[in-house]
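*Asks:* In my numbering, each number is its position in the sequence shown, counted from 1, plus 199.
Derived by calculation from the structure, the hints in this document are not laboratory data.
Every value quoted in this text rests on a predicted model; they were computed, and no experiment measured them.
A couple of the hints might just be wrong.
[What the hints assert, rightly or not] Below, a list of computed lysine-lysine pairs in the DSS-like style, where the Cα atoms sit at most 30 Å apart: (1) 446 <-> 404; (2) 446 <-> 340; (3) 340 <-> 315; (4) 420 <-> 340; (5) 404 <-> 340; (6) 445 <-> 340; (7) 431 <-> 446; (8) 445 <-> 431; (9) 340 <-> 431; (10) 420 <-> 431; (11) 420 <-> 446; (12) 404 <-> 445.
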Amino acid sequence: MHPAFSIIFFTITSGLGYGLLFFSGLYVVLDRTGDITESLFSPLVVSSIIGLTLVALGILSSILHLANPKNAWRAFLRFRSSWLSREGVFALLTFPVVFAFIYTIIATETNSVTSKTTAIILMIISLLTVYSTGMIYACLKTIRAWNSPLVPTNYVLLGLLSGALTMFAILNYYNQQSELLLTLIMELLCLAFITKAIYYYFIGKPSELSIKTATGLSSRKVRLLHTGESSKNFLMREFGFDISVKKMLLLRFCSILLMVVMPTLCLITQPASFHFILIAVICNFFGLLLERWLFFAEAKHVVNLYYGREA
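Can you build the whole structure from these sequences, using the hints too?
*Replies:* Okay, here's the thing in structure tokens:
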């Protein structure tokens, strides 16, 4: 599939934003605000505002990706049958929930029932939205590389990882340390690496799809005589992307290095250094850019079989 930058930007920024909102809520639910002394609410307010801003930027990017942005409202009319519609509804619900969350942690005690209830709702909304984003792609049976539960799993894990790293940086900026959050980050780094490795193994297996299975003529010899095109058409440009194996493996290595390995090394060597934590956040972000670019570039629509290409 053609790796459009607007969608890459949307999935990364919204995933990061929702990950940040999730851990903001988790911090209240687990009553970890007692670790914050003088600036009790400031880190949570800042993390919530940054998270919501990233979500808004992601939504704007996804709307601009549409051929006709004026029709974006139509996506909300198919909630029962469309993951895109569910994602849109959950994304809009995020805004009043975040505003309510910020109000409760400022106006009430963070260990109050109201604060914890709002925090739990925020966490659920965050997970549902990112999961819905992943399912938009995972439900497409015509794209083998996406039609797997590994896709929404990776989306959720990588969103939580980037959000946790950013939350850790914000807390460190306020001279606060959280051993629990550091432990969760290390666990997420391991899980993200394992699930991504499994995903690469899954899409690397030989495909059972062929021009025979696509046409239903599996007992006959099928070959393409002519595509009927003198140059690449829309389907060939948008539903398939040519990338060499050497380049693909190099980008995979670089994405894992930046996304997982570098943050791990930074946090192991200097877990209390803001500069090292910031480097970990930046490396993770650029690693996600490569990972998400590959996610689209490596995916092949079944229509490619008609043009004699792999799917």
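*Asks:* Next step is simple, just say for each hint if it's right about the structure.
*Replies:* We went through each hint and held it up to the structure:
no. : hint        : result
1   : 446 <-> 404 : holds, 18 Å
2   : 446 <-> 340 : holds, 27 Å
3   : 340 <-> 315 : violated, 40 Å
4   : 420 <-> 340 : holds, 25 Å
5   : 404 <-> 340 : holds, 17 Å
6   : 445 <-> 340 : holds, 27 Å
7   : 431 <-> 446 : holds, 22 Å
8   : 445 <-> 431 : holds, 24 Å
9   : 340 <-> 431 : holds, 24 Å
10  : 420 <-> 431 : holds, 26 Å
11  : 420 <-> 446 : violated, 33 Å
12  : 404 <-> 445 : holds, 17 Å
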